[in-house]
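Chemist: So for the sequence shown, the UniProt record's numbering puts the first residue at 1; every next one is plus one.
Because the hints were derived from the structure by calculation, they are not lab data.
Some hints could be false.
[Unchecked claim] In silico lysine-lysine, BS3-like type, Cα no more than 25 Å apart, as pairs:
(1) 120 - 72
(2) 120 - 221
(3) 147 - 169
(4) 187 - 169
(5) 147 - 72
(6) 129 - 147
(7) 9 - 72
(8) 129 - 187
[Said to hold, decoys possible] Have a look at the derived ranges for each label pair, beta carbon to beta carbon:
(9) 56 - 227: 47 to 57 Å
(10) 213 - 77: 39 to 49 Å
(11) 195 - 102: 36 to 46 Å
(12) 252 - 7: 50 to 60 Å
(13) 169 - 256: 33 to 43 Å
(14) 85 - 58: 31 to 41 Å
(15) 125 - 4: 38 to 48 Å
Note that beta-carbon positions come from the ideal geometry of N, C-alpha and C, so glycine has one too.
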Amino acid sequence: MSQDIEHVKCLIIGSGPAGYTAAIYASRADLHPVMYTGMLAGGQLTQTTDVENFPGYPDGIMGPEMMEDFRKQAERLGTDIRFGYVSSVDFTSLPHKVVVDESKTILADTVIISTGASAKWLGLESEQKYSGFGVSACAVCDGFFFKGQDVAIVGAGDTAAEEATYLAKLARKVYMIVRRDEFRASKAMVHRVLNTPNIEILYNTETLEILGDGQSVNAVKVLNNETQVERILDVTGFFVAIGHKPNTDIFRGFINMDETGYIVTRPGSTETNVEGVFCCGDAQDHIYRQAVTAAGTGCMAAIDAERYLAAKEHVVTA
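With the hints as constraints, model all of the structure from the sequences given.
Modeler: Structural data, given as structure tokens:
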């Protein structure tokens, strides 16, 4: 390994609304933050088209453009933004040791984790082709664009049930595609779905292909895995709700996580179980998963890091 070593006061791992907001606040607190963006600079929003629910953009904005605004603001205030990925960490001693691109070692007095989460997809080529053009992994984000239209959602857990009922308030009809003959959701959520008249549940059904005109979705081909009968659903929106995976594997063994890999932070704080390491955004939030809530926790993480460093500098010795 190269002996390229650098000592920084505040290291931000990952970009996106949480990371960039942390960078803005950390810069203004004179923490001279260094950010490594990860392989997807800007995070999930760079794969989104219209964003209409983030305050301050009255006419809406494209996801990539919004993240470019965030980046420029963080950079203008003094954040050292670098393209690269963290290949390993060692949080067993202070300062924390972080290796970037398997070659450069960063010694960081504080670390802010904002690596986000990735939506799980079905793995269809057509799914990726129409991502952002009728295919979405967030009903709360994109359901508004399908008012009065017919849509489909795939999934059988609590998230899928919750998003189906949310969509039902906006769409004319919601087809809920469930692979097995039963839900995985809680009884309360299943009851809510069953009592929503414009949700049609398709049990024992799998998605074969998302169909479109090259510009946007206009149908989805499904298969009943019991009868082997194929069916075309005329829909303009297709929502995937089979879960998210937090991008936290690299921190295993150092940071406390829940059973699905979301980092556990102290209630009302972004503090982790490791001194000087903070977490914000979708890496620790499996409930809301919105750009605005991610940005809010990014602000919290920077303030927590600044207060931690201030307390370390002003330790009163007996």
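Chemist: For each hint, tell me whether it holds in the structure or not.
Modeler: Here's how the hints hold up against the structure:
Between residue 120 and residue 72, the direct Cα distance comes to roughly 30 Å. Violation of the 25 Å bound is thereby established for this hinted pair. As the CA atoms of residue 120 and residue 221 are separated by approximately 20 Å, the hinted pair is consistent with the 25 Å bound. With a C-alpha separation of about 9 Å, the suggested pairing of residue 147 with residue 169 holds against the 25 Å cut-off. For the hint pairing residue 187 with residue 169, the CA-to-CA distance comes to about 21 Å; that is within 25 Å, so the pair holds.
A hinted pair counts as satisfied when its Cα atoms are at most 25 Å apart, and residue 147 with residue 72 does not qualify at roughly 34 Å. Simply put, residue 129 and residue 147 have alpha-carbon atoms about 23 Å apart, close enough for the 25 Å limit, and the pair holds. Only pairs whose Cα atoms come within 25 Å are accepted, and residue 9 paired with residue 72 is accepted, the gap being roughly 21 Å. With a C-alpha separation of about 35 Å, the suggested pairing of residue 129 with residue 187 is violated against the 25 Å cut-off.
Against the hinted window of 47 to 57 Å, the Cβ-Cβ separation of residue 56 and residue 227 comes to about 51 Å, which satisfies the hint. Between residue 213 and residue 77 the C-beta distance comes to about 44 Å, which sits within the given range of 39 to 49 Å. For the hinted restraint 36 to 46 Å between residue 195 and residue 102, the CB-CB distance of approximately 53 Å leaves it violated. Checked against the given bound of 50 to 60 Å, the beta carbons of residue 252 and residue 7, roughly 25 Å apart, lie outside it.
Against the hinted window of 33 to 43 Å, the Cβ-Cβ separation of residue 169 and residue 256 comes to about 37 Å, which satisfies the hint. Between residue 85 and residue 58 the C-beta distance comes to about 36 Å, which sits within the given range of 31 to 41 Å. The hint said 38 to 48 Å for the Cβ distance between residue 125 and residue 4, and at roughly 40 Å that hint holds.
Figure legend: structure checked against the earlier numbered hints; hints not met, in rising order: 1, 5, 8, 11 and 12.
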